[in-house]
Each structure stands twice: as structure tokens, then as C-alpha cells.
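**Q** Each chain, written out:
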Amino acid sequence: MSDTDPTTSVPQGGNMTDQSVRAPQTVTRIPRAHAEGEEAYLEVNDLHVQFPTADGKVQAVQGLSYSLPLRRTLAIVGESGSGKSVSSMAILGLHDRKSTWISGSIKVGGKEVVGMSEKDLMSYRGADAAMIFQDPQSSLHPFFTIGDQIMESYRAHHNVSKRVAKARAIDMLGRVGIPNPSRRVNQFPHEFSGGMRQRAMIAMALVNDPKLLIADEPTTALDVTVQAQILDLISDLQRDFGSAVVFITHDLGVVAEIADDILVMYGGNAVEHGPVDKILGAPLHPYSWGLLESIPAVSGTPGPLHPIPGSPPSLLAMPSGCAFHPRCEFRDRVGGDLCRTLKPELISRTADQGRTSRCHLKEPDRVFETEVLPRLP
Amino acid sequence: MLFYILRRVISAISVVIVTVVCSFLLFFAAPHDPAGVICGPKCTPERLKDITNSLNLDQPVVEQIGLYFKGIVVGRDYTAGGVTRHCDAPCLGYSYILGVPVTDLLARAVPVTLSIVIGGATIYLVFGVLIGTIAARVRGTTLDKATVGTSLVIGSVPYFIVALVIALYATFLPKSQYVSFFDNPIQWAGGLLAAWLCLGLTNSAQYTRYSRASMIEALGQDFARTARSKGISERRVVYRHGLRAAMTPVITIFGVDVAYQLVNTIFTERIFQLPGLGTRIINAFNQYDLPVLMGGVIVGATVLVVMNLVVDILYTVLDPRVRLG
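Protein sequence lines, in the order shown, are assigned to chains S and R. Residues in the first sequence are numbered consecutively from 1, following full-length UniProt numbering. Residues in the second sequence are numbered consecutively from 1, following full-length UniProt numbering.
To be clear, the hints were calculated from the coordinates, so they are not data collected in a lab. All C-beta atoms in this analysis are idealised placements derived from N, C-alpha and C, irrespective of residue type, glycine included. A few of these clues could be false.
Label-pair distances were calculated between CB atoms; the ranges are [stated by the list, open to error]:
(1) S/Asn186 / R/Asp77: 51 to 61 Å
(2) S/Ser80 / R/Val306: 47 to 57 Å
(3) R/Thr316 / S/Gly281: 55 to 65 Å
(4) S/Ser235 / R/Glu234: 27 to 37 Å
(5) R/Ala146 / S/Ser123: 29 to 39 Å
(6) R/Ile253 / S/Asp96: 24 to 34 Å
(7) R/Val256 / S/Asp96: 53 to 63 Å
(8) S/Lys57 / R/Glu234: 44 to 54 Å
(9) R/Val9 / S/Gly242: 22 to 32 Å
(10) S/Gly115 / R/Phe181: 56 to 66 Å
(11) R/Thr316 / S/Ser235: 49 to 59 Å
In silico SDA-like links for lysine to any residue, alpha-carbon gap of 25 Å or less [to be verified]:
(12) S/Lys98 / R/Ala146
(13) S/Lys98 / R/Val138
(14) S/Lys98 / S/Ser117
(15) S/Lys98 / R/Arg225
(16) S/Lys166 / S/Ser138
(17) S/Lys98 / R/Leu143
(18) S/Lys119 / S/Gln137
(19) S/Lys119 / S/Trp101
(20) S/Lys162 / S/Phe192
(21) S/Lys166 / R/Glu234
(22) S/Lys57 / R/Thr141
(23) S/Lys119 / R/Arg240
(24) S/Lys162 / S/Phe188
(25) S/Lys107 / S/Ser138
(26) R/Lys70 / R/Lys42
(27) S/Lys119 / R/Ala146
(28) R/Lys145 / S/Pro52
(29) S/Lys166 / R/Lys42
(30) S/Lys166 / S/Leu212
(31) R/Lys42 / R/Arg8
(32) R/Lys145 / S/Leu212
(33) S/Lys162 / R/Pro320
(34) R/Lys49 / R/Phe28
(35) S/Lys119 / S/Asp209
(36) S/Lys119 / R/Ile232
(37) S/Lys162 / R/Val317
A few chain S positions that, by computed beta-carbon distances, are all more than 10 Å from chain R [what the hints assert, rightly or not]:
(38) Ser103
(39) Glu118
(40) Glu152
Chain R with its partners taken away, still in its complex shape (with noise of 0.2 Å):
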């Protein structure tokens, strides 16, 4: 089991690695001019040179990467102008516009998606498995197709359209902002409901179709039957024997959903005006902000392979068949 970890730990970071130097061959390639931007319009060539200067940029781009990765690990030191600033690791570098630490901006960022993203993922794993297994139980009945075609009638309708309708009709609910949980976890919720009842109810719609569609299945094996010839109650085979096998596929789909979510609340940040990681990297991204746009996507790279592994090891626990796999 141990080894089992290691051996994905080390795939990972090596996922990681290859991503981040991808990333900068692809920006390193893009025409673009990172000391002209820094330097602004009263620009002269000294300050200019002297920029280009003390961010490597007139080095090659391997040794750029390789300052970039020194940076990560140990740390690196920024002479500018005659001054040298040094920038503890993990150093992702200054943002070009800001000129604050990228992880900084980074670590304010992280947060906000983080709260947005597990709040709402709460919401509809609960309320689409729930409701799933109810309907997966009535199967064709009016209650069971009338959760279907409210589920896909929901599930068409285009995310951000719900986010807006959320955010122009629904004004009852306190207004958006965020809040740190460690400060005041009350505000924070309130905060964040909003973009929470949107991501929620997206997606629940897609959890309750496949939890029911798991759950039918998993009602329909051999070993349902068993369960209901031992003489136990329907609720004890669909809540026990059933949901157990039914949430294997779901809890899978989960952590896949959930690192995309990560990365991708771009519409829900903006439309509530939440100051998350996807509203920072299209800032950066507007404002060619290399070393923003770096850690983002580092950060992203990390989310997604980290998730991966957790709904691995996960799988293992939930699975007994799959254990020291």
C-alpha cells in the first residue's frame, strides 16, 4: 500500500514537472515583451536593459527553466535596479503588473475557489445521490420520471445561465463576498451561498442520473437478491448492500469533477465577484502576466494529478478488490 502511494507520488510530481516546463516553452515562444510591460511607457533603454537583466531574460530558455525550477525549490534572488530582493521558496517569481510575490497572490487566491468548490460539491453530492437513490427506488413511476426530466431539463440549461439568474433573481440571499472561514465562518457561508447554490445545483442534476442509473444497476445484482433472500428490509438492501456498490462509479466521476471545478470556477468567481484563482489567472492572462499565468498553471497541474491520486486511494478503500493494487 505504501510502495503503491510512492510510486503515484512520484508519477505525479513527475506529471508536474513536465507540465510546467511545457507551459514555458509554449509562453517562452509567444511574442510577447515582459520588460516593456514592466517598465511601462516612460520607458528608457538603461531601465529597460536593466529589466530584461535581472529577469534572465536575455538568457537562454533552459537555463531560464532551470532558474525557474531553482526558484521552486530553493528560492532565488532578484537584483533590480541595483537592489536585490530574494524570494523564499517555493519562489514562482513577481507578477509583472502587481510586483508582488506570485505565491502570495497565489495563497489569497487558493482559498476563495477552494471554499467555493467544496461547499458546492457538498450540495450536490448529497442532494444528487440522495434524490437518485429515491428514484432509482420508485423506478418508473410519475416521481421517478418527473426527477429524470427535472434533472435533464436542469442539466441543459448552460451553467453561467444559472449563475446569472442566481445572481440577478435571487437577491434574498446575503450578498456575495468572501470572507475567511478563520475569521468569521458565519459570513463566510453567507458569502458564498450564492455561488454555492449555483455550483450545487448544476451539478446536481448530473449526480442524481447517475446515482440512480448506478443505483438501478446495483439494485439488479446478484447480490440484492441475496441481500432481500436473507430477510432484510428493502431499506436495509438499497441504503446498505445497494448504495455501497452504487457509489464506487460515482465516487470516481467525483474527484475528477471536483479538480475540474477547481481550476474552472472562472464563471462563478466573476459573475459573484469572488476574488478565486480563476479570476486571477484571467487577469494575468489579459495582462501577460508570465509569472501568474506560471503558478496558475502549476497550481492547476497540482490540483488535478493530486485528486487523481486521492480517488485512487480512495477507490482502494471503498473497493476491497482493489486493495495493494
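The following block holds chain S by itself, in its conformation from the complex (with noise of 0.2 Å):
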């Protein structure tokens, strides 16, 4: 699947006949930041989302692609409003499908997401693909105890009696580390810890076994020493159960713990895509390298921080050209006009077929060294 040219796709379902809002058609080229030839179980292609809000229509993702094969995990980082939890949300269906409008292509495991049917959609959620969210004192239902919720997905894809469902969430509780499942299957949300509360809902996340699982930014809410905790298990849970992960979040401290890829996310598209190691070390992309260059160092001379200047674009109107051009510190070294005028494409790296980024710059000026070296695994 993942061998077929993707220039050929054809975007799916809705008009297509907006052009004028988005940039020149854009040759669209999947990264190859994983080997060849393993398939790719995560599929996204071209993915424009779209939908109205008080002061105007946001395109809150504007033609994003990219591929996850199994047994991978993905970070996709960016400011808030740069589309990495919308475009995650239109992998479950989960936008409101009156008043969203989404093209382009969804597949997961080969199904075909976008455009799917309620009842077709309800069979694929929490089996074929599942989410763990930000706040778990918010998402899971305080009027309901943890094992009820477990069950309730459990059976939404099992036709199995309570008695059976219960001792499947009793187990899962198990291997998300959770002490004496037995008696916490009884309990209420408002009976766990915050970290307990996290474990729980990616108990419930997995209780289908699904291949694929979406974490938005799901140690944000936790203490900082409850994190460390839930990223281990995240990822040993992905080696046991042998899914794909998307993680979410803006944390890069994160993303050098848990990932194997990172997809830069800015003003509803990618940015820069490639090996968690390569874009640490030495990022393609100016918004990448600001990023890295806003994290205070641990060790190292103390001095001020390096934030990015500006703030991000509005959705209801983007920059012209490429979206970061307001606040890049290197526009100048382009010539002419190009970056207030031309939205740059994602292309790959003619040294490193395994990265692709956006941005007009030519390369040496184009590698940034990072002052910054994040810890890696």
C-alpha cells in the first residue's frame, strides 16, 4: 500500500472545487522516515479539515500526509492551533459531522476514514484505532466506576456478558500497572490519583486491541514525575500489543523519550518530518529549530531563553506564503520575495531521503545546529 504513488491519490469526499484558498497544487510526497517496505498501517493523505466557528471559516489543517507503520511511534509537535490534535480527531471521526468539512484520505488499516458511515464508524472506533486525551479527570464519566467504562467498550465490540467483560478490564487494569485491579475495578474516577486515572483510561483505550492508538498530549495534566511513569508504559504496552502510536504533544522532552519519528506541525500543515534523532540533533526548519532553542537546557551556561518571536498565526487568516514567515529569523537569507509570496512544499532532503521539510532556504544555510542536544533513549 504504502508503495503506491501517492501523487496519483485523488482526494475523497467533499468539493474539491476551493482552490483559491490554498496554496499552488502541491506535489505531495510521503515521507519515508521508516524502512522500505514495511507497510504503513496509518495512511493520511492530503487531509484538509475545515469548519466554521464565530468569526469566520478556520482551516485548521491544510493538506497533511504522512504514514505509521505498526509497532511505531509518531510525535507530531506544534503550538496550539497548529492542527496536530484536529487532524488526530479526524482519525476517529470524532469532529462534528455537520458543520465539519474534511477531504482527503484517512485509511487505517486500510479502511477509508474520511467519509465513513456512523455505523460503520461505531464498529471501527476503539477497535480498529483508540484515543487516550489530555485531562483524565475530565474524560473519563464521574458518575460511572472505571470498570463499568472498561466494560462498556470492551462490549461495544465483544458480544460477551458483564461477567467476562469484567474480568477482562479486571486483567487490563492489571497490565497498566494498576495495584489490586480487582478492588479498583469498583471504584470511581474520583477514587484514582491522577496517574492512576491516566492508566485506566489507556486500559480502556487498549481493552479492543487496537493497532492503532492516538495519545493527545496524555501526560500534560500529570505530575512531572508521574509522566516519566506513563511514557514507559506507553511504549511498553505499544511492544507488547504491537500498535502504531500518534503522540501529541508540544513537550520535545517528551518526544525524545517516547518516539522513533517526529512530524512538525505549524498553521494546519507539516513542516518538517523525519527520525526523531536527525530533527533533534540538527533540524531543517527554522520553526523546528526554535522549538528546540526555546527549551531551557539543564546543564550548560545559564543565560536567557531563546523564545520564538511573534505569537502563532490565526486560522482565520494565515500569513501569505509560508505561514512562518512573520516570525522567521532567516527570511532574509531567501531571496527576493519568496517567503512572503510562495508556500514552500515538503520535500525531501536530496542528502537524506529519510526527512522532509518546508521552507525555502537552500541547504547549508538550512541546517541549523541545535545548542540544545535533548537526551535520547
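Using the supplied hints, reconstruct the complex from the two chains, each of which is provided in its own coordinate frame.
**A** Take a look at the structure:
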């Protein structure tokens, strides 16, 4: 599947007449961040997501493409409003069907999710792909026991008795490291600590053995000490279940710990994609470099932080050309008005086929030194 | 849990006691002449003195309150014209006007009011929540807007106008009357139908809006998104996950509303000529029938604190987070 030329794939669903809002037709290449021949389990191709807000139509995702094989973890990194969460919600079809306009293709295990019927979505969600959310406190229903909620998820896809489902729930709670699971299964979410709640969420997401797990900032709401435990747990379970993991985060420290590949998003688009060690070591996009530079160093010479100037663009009024150009410190190195007028394409690096980035800068200028080398696993 | 309820019951009883003392003082301070009322136009000074004496109206007010509470707890004796009548506990005295025990009067009026409110509340809770939930599901559509508009119109019409319209125009309904449920359940329901419709219709508008708002909030919560991500049907998301969370605030309002209606059904009772608590209290008020009025105050205060207690206990059942509060 992954070997078919993506340039020939026709975006499905929606009407495609709204060309004016988009950059000149880009040639989208699926990045080859993983070894050749590995079959992609998740394939996102030219995904566009738009929805109305009180202030106007928001183009939250604008032509996103990537693929992910089983047993690999992709970290999607970006600021708020970069489209990282929206694109992941679309993978589960969790957007409001009436108002959201989606085009492009999302294939999970060969099933096309864009335009899937409500009935098919029901049997797909939770079984083929499952999601862990940011705040386990608000994502679990406060009035049902942990066991009830896990059992409901299991029984939605397995025709089994409550007794069997409960045994499965207890088993899952044990597997995510909750002590005394046969007692905990009857407790309510408020009787769990934050880390335990997130473990229970993970147990619920994995109860049907999905091959794709989407983790939307699963450690953001947790204590720092608990964060590492949850990351380890997700890595361990991924190995056991052999699933593909999409890990959404804005924390680059987390990325180094868990991910194989990184996809950096800015303004609804991928700006850089590649293996984690290469991007963290020498990013190819000024924005990726800016993100790495803004991390405070634990060791080394203390000095002022180096934040990215400006703020993320409004999705209602995207800058022309390269979305990042108003904040880019390197735009002067690009000749003419190119950054302001033309949206760069996501292209592979000549020297390194595993990496792609979206920038007008020519090569030697484009490899940025990072002063901060994050810990690598 | 038991300790919590016990604590709440004790505080409820003290609220009722304070209310009784305050009302007693308030009525006592008002310029009135109960002995004169009882004695009537052909009164002799001896008879007036006898009545004043039998009612302890010549005693200090503190002693009168003491006697009143004694009557409630163990009963008391009344001596008038040399004849002694024993009034069993809980004794609330005798009606000045009718000469019968207040307890009997109230015991006849309370079931009427209770029937009106229970029937009406069932109608508005069921319909209000159902319509509100449906409106929340189709939020933003014409059906939703029509529902909200209609409920606003009905909710803006004064309650007694609705009652009058039903009484005047809904003549196809069975004749309004009160028959005890235990004598004839069908006549009971038929006779109260008009009152139920009136109470149900006016309040269901309000409950539609409560439920709709509460449901929209619940369905926007993170846990609703989690539920959807599990692959369960939208119906199950709405009626199991959404409704369960949305009902908690609605039940709180419901408890207070029912308590309020139990002591405020006067319009309904008057228009549909049902001999309930409201009618009884208004009559007593017009006739300076102090013992009946006091009895009404006690029943009203008790209903309010009991309903509040019931809501609090219900809340601990609905929301596991407040258990053993």
C-alpha cells in the first residue's frame, strides 16, 4: 500500500472547487521516515479539515500527509492551533459531522475513514483505533465506575456477558500497573489519583487491542514524576500489543523519550518530518530549530531563554506564502520576496531521503545547529 | 452516611422550631381578638372571659409558645365553659371558626395538594427532560429553535392565565374535583387532570430549557468525547453518558420547585376548586383563624426542609463524588 505513488491518489469526499484558499497545487510526497517495505498501518493523504467558528471558517488542517507503520511511534509536535489535535480527532472521526468539512484520505488498516458512515465508524472506533486524552479527570465519566467504563468499551465490540467483560477489565487494569485491580475496578474515577486515572484511560483504550493508538498530550495534566511512568507504560504496551502510536505533544523532552519519528506542524501543515534523533540533533526547518532553542537547558551555561518571536498565526487569517515567515529569523537569507509570496513544498532532503521539510532556504544554510541536545533514549 | 442524615435531620427540626416561634410571635404581635371572633356578635363578658381563659390568651406569650409546643409533642387539654376536651398529640389547637382540630383540617387538605403536585411534577419532569434532550441533540436546527421559542412563550405567560384558559376552554376534560386515590383511583386521576395539565404545561417549558442547557453542556464535556471514541452509538452517548450528568442539576432544581409548589398551589386549587392546603390557608388568613394558619406554617416549613433534605440525599446517590459528604 505504502508503495503506491501518492501523487496519483485522488482526494476523496467533499467538493474540491475551493482551490483559491489553498496554495498552488503541491506535489505531496509521503515521507519515507521508516524502512522501505514496512507496510503503513495509518496513511494520511492531503487531509484538509475546515469548520465554522463565530469569527469565520477555520482551516485547521491544510493538506497534511504522513504514514505510520505498526510498532512505530510518531510524535506530532506543534503549538496550540497548529492542527495537531484536529488532524488526530479526524482519524477517529470525532469531529462534528454536520459542520466540519473534510477532504483527503485517512486510511487505517486499509479502511478509509473520511466519509465513513456512522454505522461503520461505530465498529471502527475503539476496535481499530483508540484514543487517550489529555486530562483523565474530565475524560472519564465521573458517575460511572472505572470498571463500568472499561466494560462498556469492551462490550461495544465483543458480544460477551458482563462477567467476562469484567474479568477482561480487571486483567487490563493489572496490565497497566494498577495494584489490586479486582478492588479498583469497582471504584469511581475520583477515587483514583491522576496517574492512576490515566492508566485506567490507557487500559480502556487498549481493551479491544487496537492496532492504532492516538495519545493526545496524555502527560500534560500529570505530575512530572508520573509523566515518565506513563511514557514508559505506553512504550511497554506498544511493544506488547504491536500497535502504531501517534503521540501528540508540545513537549520536546517527551518526544526524545518516546518517539521514533517527529512530525512538526505549523499553521495546519507539516513543516518537517523525519527520525527523532536527526531532527532533534539538526533540524531542517527554522520553526523546528526555534522550538528546540526555546527549551531551557538543564546543564550548560545559564542564560536568557530564546523564545520564537511573535505568536502562532490565526487560522482565520493565515500569512501569505510560508505561514511561518512573519516569525522567521532566516527569511532575509532567502532571495527576493519568496517567503512572503510562495508557500514552500514539503520536499525530501537530497542527502537524506528519510527527512522532509517545507522551507525555501537552500541547503548549507538550512541545517541548524542546536545548542540544546535533548536526552536521547 | 447515617451520621450525615442524622445531622441534617436535627438541623431540619431546628429550622422548623425557629420558624414556628417566629410566626407565633408575628401573629401574636398583630392586633387581633380571637376570643371576640369565637364568641361572635351575641357575646357576654363572662363568655368572653371564659374563652380568653381557655385559650390561655391571658398568659404571657412565652408561656403560650410553651403550651403550643407541649400540644405538638404530648397533646393538651382545653377547658371551655366547664367542659374539658383533650386534644391528642400532635395537637395544633382548634380552629377558631370551625371549632374542629387543626390536625384534622390539614390531614384532609394535604393529600389534595400532594396529589396535584405529584401528578403535575411527573408531567413536567418527564416532558421537559425528554423535549429538552431532543432539542439538545438537534441543537441549532429549526426544530430546536421552535422548541426553545415555544417554551419561552409558554414560560412568559403568567401561570394563572394558563390555569384560567384551561379551566374555561378545556371543557372536554373531566369535571375538576377531588376524590381520594384509595376510594377510586380513576376518578382521582380524572378529577385532577385539569390541574395536572396546568401545572405540567407551565413548568415543562422551564424544564425543557433547563434540560436542554444542561444536556448541551454535558455533551460538550470531555467524557462525552471519550464515550464516542469507544465506538458506542450516539443514542447511548446521549441517554447514558449525557443524561446521567445532565440530570444532576435538574434534579436539584426539581426538588426545590416541588417543595415550593406544595405550599403554593393556591392558584391551581382556587381555579379548579380543589380543597387543598393553599385554599385552607387563604381562608384561615381571611378569617384570622390563627391555629389553622400556624398549622399551615408548620406544614409548609416542614415540607420545605424535608424536600431539601431529600434532594441532598438524592444528590449523594446521583453523584458518587459527594458520597459521605
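**Q** Now look at each hint and say whether the structure bears it out.
**A** Verification of the supplied hints:
Hint check: S/Asn186 to R/Asp77, Cβ distance near 59 Å, so the stated range 51 to 61 Å holds. Between S/Ser80 and R/Val306 the beta carbons are some 50 Å apart, a value that agrees with the proposed interval 47 to 57 Å. As the Cβ distance of R/Thr316 to S/Gly281 is approximately 57 Å, the hint placing it in 55 to 65 Å holds. Checked against the hint of 27 to 37 Å, the pair S/Ser235 and R/Glu234 passes, with Cβ atoms roughly 34 Å apart.
One distance hint, 29 to 39 Å for the beta-carbon pair R/Ala146 and S/Ser123, holds here, with the actual separation near 35 Å. As the Cβ distance of R/Ile253 to S/Asp96 is approximately 29 Å, the hint placing it in 24 to 34 Å holds. The beta-carbon spacing between R/Val256 and S/Asp96, approximately 35 Å, falls outside the hinted interval of 53 to 63 Å. Between S/Lys57 and R/Glu234 the Cβ separation comes to about 25 Å, which falls outside the hinted range of 44 to 54 Å.
One distance hint, 22 to 32 Å for the beta-carbon pair R/Val9 and S/Gly242, is violated here, with the actual separation near 59 Å. For the pair S/Gly115 and R/Phe181, the supplied restraint of 56 to 66 Å holds, since their beta-carbon distance comes to about 58 Å. Checking the proposed 49 to 59 Å range against R/Thr316 and S/Ser235 shows it is violated: the Cβ atoms sit about 41 Å from each other. Distance restraint check for S/Lys98 and R/Ala146: the Cα-Cα separation of roughly 19 Å lies within the 25 Å cut-off, and the hinted pair is therefore satisfied.
Of the supplied pair hints, the one linking S/Lys98 and R/Val138 holds, its CA atoms being roughly 11 Å apart against a limit of 25 Å. Between the alpha carbons of S/Lys98 and S/Ser117 the distance comes to roughly 13 Å, so the proposed pair stays at or under 25 Å and holds. Between the alpha carbons of S/Lys98 and R/Arg225 the distance comes to roughly 16 Å, so the proposed pair stays at or under 25 Å and holds. Of the pairs offered as hints, the one joining S/Lys166 and S/Ser138 holds, with about 23 Å between alpha carbons and a cut-off of 25 Å not exceeded.
The suggested pairing of S/Lys98 with R/Leu143 holds, with an alpha-carbon distance near 15 Å, which does not exceed 25 Å. Using a Cα cut-off of 25 Å, the hinted pair S/Lys119 and S/Gln137 is violated, with the two alpha carbons roughly 29 Å apart. Among the hinted pairs, S/Lys119 with S/Trp101 is consistent with the structure: their alpha-carbon atoms are about 19 Å apart, no more than 25 Å. Using a Cα cut-off of 25 Å, the hinted pair S/Lys162 and S/Phe192 holds, with the two alpha carbons roughly 23 Å apart.
Our distance criterion of 25 Å between C-alpha atoms is met by S/Lys166 and R/Glu234, whose separation comes to about 23 Å. Proposed proximity of S/Lys57 and R/Thr141 is supported: the alpha carbons are some 19 Å apart, at most 25 Å. Only pairs whose Cα atoms come within 25 Å are accepted, and S/Lys119 paired with R/Arg240 is accepted, the gap being roughly 19 Å. Restraint check for S/Lys162 and S/Phe188: the C-alpha separation of about 18 Å stays at or below 25 Å, so the hint holds.
Note on S/Lys107 and S/Ser138: the hinted pairing is violated, with a Cα-Cα distance of about 29 Å set against a maximum of 25 Å. Of the supplied pair hints, the one linking R/Lys70 and R/Lys42 is violated, its CA atoms being roughly 33 Å apart against a limit of 25 Å. The suggested pairing of S/Lys119 with R/Ala146 is violated, with an alpha-carbon distance near 29 Å, which exceeds 25 Å. The hinted pair formed by R/Lys145 and S/Pro52 meets the criterion: a straight-line CA distance of about 19 Å does not exceed 25 Å.
Restraint check for S/Lys166 and R/Lys42: the C-alpha separation of about 83 Å exceeds 25 Å, so the hint is violated. Between S/Lys166 and S/Leu212, the direct Cα distance comes to roughly 23 Å. Compliance with the 25 Å bound is thereby established for this hinted pair. The straight-line distance between the Cα atoms of R/Lys42 and R/Arg8 is roughly 51 Å, outside the 25 Å bound, and the hint therefore fails. A C-alpha spacing of about 40 Å is found between R/Lys145 and S/Leu212, which places the hinted pair above 25 Å, so the restraint is violated.
Using a Cα cut-off of 25 Å, the hinted pair S/Lys162 and R/Pro320 holds, with the two alpha carbons roughly 22 Å apart. Taking the CA atoms of R/Lys49 and R/Phe28, the gap is near 18 Å; set against the 25 Å cutoff, the hint holds. Our distance criterion of 25 Å between C-alpha atoms is met by S/Lys119 and S/Asp209, whose separation comes to about 20 Å. This hinted pair checks out: S/Lys119 and R/Ile232 have alpha carbons roughly 10 Å apart, not beyond 25 Å.
A C-alpha spacing of about 23 Å is found between S/Lys162 and R/Val317, which places the hinted pair at or below 25 Å, so the restraint holds. With a least beta-carbon separation of about 22 Å from chain R, S/Ser103 lies farther than 10 Å from that chain, consistent with its non-interface assignment. For S/Glu118, the shortest C-beta to C-beta distance to chain R comes to about 7 Å, within the 10 Å cut-off, and the non-interface label is violated. S/Glu152, annotated as away from the interface, has a beta carbon of chain R within 10 Å; the closest lies near 7 Å.
Comparing the model with each numbered hint stated earlier shows that hints 7, 8, 9, 11, 18, 25, 26, 27, 29, 31, 32, 39, 40 do not hold.
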